[in-house]
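Student: For the protein sequence lines, the chains are A and B, in the order given.
Each residue of the first sequence is one higher than the one before, starting from 1 at the first, in the numbering used here.
Each residue of the second sequence is one higher than the one before, starting from 1 at the first, in the numbering used here.
Heads up, a few of these hints could be off.
Stated by the list, open to error - No farther apart than 16 Å at their CA atoms in a straight line, the calculated lysine to aspartate or glutamate pairs in the EDC-like style are these:
{"hint": "1", "chain 1": "A", "residue 1": "K110", "chain 2": "B", "residue 2": "E126"}
{"hint": "2", "chain 1": "A", "residue 1": "K259", "chain 2": "A", "residue 2": "E30"}
{"hint": "3", "chain 1": "A", "residue 1": "K25", "chain 2": "B", "residue 2": "D54"}
{"hint": "4", "chain 1": "A", "residue 1": "K285", "chain 2": "A", "residue 2": "D154"}
{"hint": "5", "chain 1": "B", "residue 1": "K69", "chain 2": "B", "residue 2": "E148"}
{"hint": "6", "chain 1": "A", "residue 1": "K285", "chain 2": "A", "residue 2": "D266"}
If you're looking for bench data, these hints aren't it; they were derived computationally from the structure.
Remember, predicted model here, so these are calculated numbers, not experimental data.
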Amino acid sequence: MIGAPITRREGRAKLLGQPLYTDDKILPGEIRGVTVRTHIPRGILKGISFGEGIPWEEFTVVTAADIPGKNLVASIVHDQPFLVEIGGTISHPEQPVVLLAHPDRSLLEKARRAIRLDVEELPPVLDIESAIEKAQVIHGSNNILKEILIDKGDPGPVFCSAVKVVEGEYRTGAQEHAYIEPNGMLAEVGREGERLTVTVYGSLQCPYYVHEAVKQLFGLPGDQVRVVAMEMGGAFGGKEDYPSVNAGHAALLAWKSGKPVKLIYDREEDMAATTKRHPSRTRIKSAFDRDGLLLALDIDFVLDGGAFVTLSPVVLSRGALHAASVYKCPNVRIHARAVATNVPPHGAFRGFGAPQSLFAIERHMDVCARELGLTPLELRRRNFLAIGDRMSTGQVVKETVDLEAIVSRALSEIGYEEKRRSFDAHNSSQSPIKRGVGFSVFLHGCGFTGGGETYLASVAGVKGLPDGRVSVLAANTEMGQGKTTVFAQIVASALKLPVDMVDVWSADTAEVPNSGPTVASRSTMIVGKLIEDAAYGLKQSLIQQGLLEMTYTPEEFREAVKTAVARHGSLKCYSQYHKPPHIVWDDTTYKGDAYPTFSWACYAAGVSVDMVTYEVKVDDFVAVQEVGRVVNPMLATGQIEGGVAQGIGWGLWEEVQWKDGRMVNNQMTNYIIPTSVDLPRIRVAFLENPHPAGPGGAKGIGELPMDGPAPAVLNALAHALGPIRLDEIPMTPERILARLEEADRG
Amino acid sequence: MDDHPCKHGDGCTCHSGVSRRGFLGSITTAAAGIAASGTLTAAPAPPPEKAQPDEPVKLQLSVNGRTHKVLVEPRWTLLYVLRDQLGLTGTKPGCERGECGACTVLIDGVARYSCLTLALEAKGKEVTTIEGLMKGEELGATQRAFVEEDGYQCGYCTPGQVMAAEGLLRVNPRPSMEEIRHGMSGNLCRCGAYVHIFKSVEKAAVLSASEKR
């Protein structure tokens with residue numbers, strides 16, 4: 001079963017429009033909710049006034065004063081209020097203040113507009129530079145949400161003695177997830193005497209994050225809160241931490257109104273108010289010897305975290321740990337900071353900090369190659385990591401890493417050398433179209449960073465069903481990545497059963513254990529391994545009970561499960577994550593094994609630039625990766641193609657425009673994501689290298705394809721346009737024009 | 001931008017050489033009621049009846065071959081009526097302003113955004129949604145092709161994609177790859193399943209042809 005390109009389990013239902021996404025589910029008597037938000041980036045909330053002409057007595061109105069438990073969203077640091085209280089600080093322009101519910105949606109909108117907030121404005125901090133310079137202090141004593149230092153060797157003296165030192169600064173912009181299904185929640189509150197139960201159905205990646213947040217909001221024990229992940233219309237990280245906020249809001253309205261409340265964001269609110277990819281600034285100083293060997297790297301990596309801590313510490317961590325990428329270097333210093341600004345908190349987005357730092361280093365390597373008089377390929381291959389080498393944290397590369405093979409495959413596939421020559425010839429002509437080819441080489445750590453998995457200690461299981469089939473019990477959610485199909489394949493493979501004998505339970509905290517969040521390219525490798533182990537446990541248990549022989553047919557297995565379930569009432573087997581003894585990580589010094597393993601890749605792009613409009617077209621794209629064993633090649637290919645699409649969008653078109661801390665292009669007409677006519681043919685190849693840590697040898701895959709496209713496309717642009725400053729994304733036509741003019745001025 | 005003149009006459013859902021952006025950019029007056037999927041050259045909507053926007057009027061709406069008698073407020077969109085009044089939640093809201101295409105349905109066989117169509121505009125016409133493509137208990141050819149070619153990931157834009165494909169194939173049963181790319185460009189897929197969507201539409205053309213034979 002592992003390795004089979006089977007179609008998705010949910011295919012028929014999805015093609016019939018049957019699965020219930022949050023807005024499709026209806027609870028009897030449900031009413032609608034809306035959120036009233038601040039509109040200034042920083043200040044003090046002095047008061048709330050309710051305008052005339054609205055029948056306020058018909059409305060359910062919730063303010064901070066109503067909150068029964070803690071007015072703080074449970075996260076890494078509890079610093080974000082669910083609602084700003086009167087007298088409280090306004091930290092960004094989309095902060096929720098009042099919640100309203102009413103059956104009539106149009107009246108609800110009128111009421112939302114009729115609420116006036118009395119505020120005292122304070123000067124805001126709106127970008128990385130002002131935050132670092134402490135133009136205003138808005139967080140702690142220095143605006144720093146999290147700081148990390150990775151130290152290896154002693155880079156300082158090397159910069160004085162090295163043959164060549166190259167410096168560069170690289171920037172990436174915010175990126176909106178733009179899942180087609182906006183955020184939505186449906187909550188109901190039950191009361192049996194004094195006992196309160198809160199149930200939330202929603203579009204969410206991490207049921208147990210929301211569970212924790214709602215528990216804390218109401219001050220309830222875990223068994224009185226139930227969170228159910230509905231069918232999810234895309235997430236990409238955008239439904240990792242934000243659902244803790246809007247689930248809380250929907251639950252508060254349901255609790256106060258006594259009715260089920262549905263809170264669905266419209267597109268504009270979703271784009272403006274919820275999380276985005278962290279904007280970044282990376283400064284790299286690198287030293288080389290005369291052979292182009294990397295001697296030292298000094299990397300200053302800064303993320304704009306927005307108004308609250310939320311997930312910034314871990315996004316920063318992943319970014320910092322990927323900053324030196326696939327290169328061996330004896331002396332490395334990585335100084336990473338996430339800073340506070342008065343914009344809505346930035347959050348998880350596929351890649352989680354790694355695309356930002358990898359963009360910088362991969363662009364920088366091309367710049368260095370030019371400075372050193374080497375080709376981009378030659379410089380990289382002289383510095384590739386190999387088995388036995390130490391990474392920036394001192395982690396030793398323990399498995400075979402054949403970067404040469406990955407790169408060779410990608411470059412031959414795209415016809416790199418040939419294109420390099422023919423495009424050079426073409427570009428020296430007077431053609432109004434310039435062409436270029438470029439590539440990036442990168443890695444992505446699988447599973448949680450550092451001690452994350454140990455801390456989580458996830459549990460997943462397998463359960464026998466009365467009809468003799470088995471079901472996977474895990475809190476991981478389906479958002480289009482294919483976990484339902486892949487989990488079924490893993491268990492079917494472990495139990496040697498046809499895949500239709502394996503069911504996958506939906507992520508409902510009343511039914512499934514906490515197998516951790518659906519993030520970090522961890523579902524297949526980490527949770528997949530747990531369910532594989534649990535499946536072996538279940539089989540073992542049947543054998544020990546004398547119901548099954550060592551070898552069996554699917555029919556015999558079915559009968560054994562039926563008998564066991566009938567005899568004991570239930571048959572379940574769980575497995576919990578335990579850190580393998582060879583993985584050692586120190587979170588205080590940032591030394592050790594940052595990730596259990598990495599996936600590796602080389603992406604190559606061919607581009608053309610219209611020298612009249614500076615419109616860039618990606619003509620060709622090749623994505624070659626090593627992700628261990630591929631569980632389902634059809635689904636994996638789709639996931640890579642999708643990540644490439646998002647990566648190209650981030651690199652060229654997707655620009656969040658800010659004004660006073662608000663996203664002002666919060667529509668799909670002016671925030672441009674790729675359409676079917678914008679993308680090239682994307683050729684995907686996998687080089688398989690089974691890894692012992694994953695089920696059937698699989699590693700993580702989901703985030704990897706977000707890392708490589710932007711630097712590959714920008715490196716191709718650099719080939720097309722020559723030595724101009726291509727150091728910022730999205731590289732829009734306006735930016736290309738500015739860079740060309742700057743180069744003309746010298 | 002590729003130049004792609006449409007060759008299929010009135011009612012064609014093929015793209016006529018402008019991108020979604022170019023097309024939307026060209027609409028300077030976003031008049032309510034002009035529904036468009038990609039570029040549509042459908043006949044203009046009938047003149048609105050004289051009614052107050054929130055005063056309910058009777059409407060006979062034919063959806064998937066069934067006639068529904070509904071009381072609708074004239075301001076209600078077809079999307080709203082399909083989902084909230086008829087319970088046909090297969091048609092999805094993504095932006096409710098004609099940007100994403102998730103709500104695409106067929107009106108008299110032509111793909112249109114139901115969020116930009118007033119329910120009253122569908123009077124006397126046949127509306128087809130994702131729920132209406134089955135052949136008995138079997139999936140329709142386009143649906144089957146999307147399953148087999150993995151033409152979706154999260155599935156949320158999928159009903160709209162399928163209806164756009166269906167609309168395209170009804171006017172152009174054997175589209176070229178370029179015609180598919182352009183014909184589907186009014187429907188966003190953030191999972192980026194485009195390559196698989198193209199393959200699905202190609203396959204749907206083949207399956208439909210063999211079904212008709």
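Student: Determine for every hint whether it applies to the structure shown.
Tutor: Evaluation of the provided hints:
A C-alpha spacing of about 34 Å is found between K110 (chain A) and E126 (chain B), which places the hinted pair above 16 Å, so the restraint is violated. Taken as a hint, the K259 (chain A) and E30 (chain A) pair is honoured in the structure, with Cα atoms around 6 Å apart against an allowance of 16 Å. At roughly 26 Å between alpha-carbon atoms, K25 (chain A) and D54 (chain B) are farther apart than 16 Å, so this suggested pair is violated. Only pairs whose Cα atoms come within 16 Å are accepted, and K285 (chain A) paired with D154 (chain A) is accepted, the gap being roughly 13 Å.
Between K69 (chain B) and E148 (chain B) the alpha-carbon distance is near 37 Å, which puts this suggested pair outside the 16 Å criterion. With a CA separation close to 44 Å, the supplied pair K285 (chain A) and D266 (chain A) exceeds the 16 Å bound.
Comparing the model with each numbered hint stated earlier shows that hints 1, 3, 5 and 6 do not hold.
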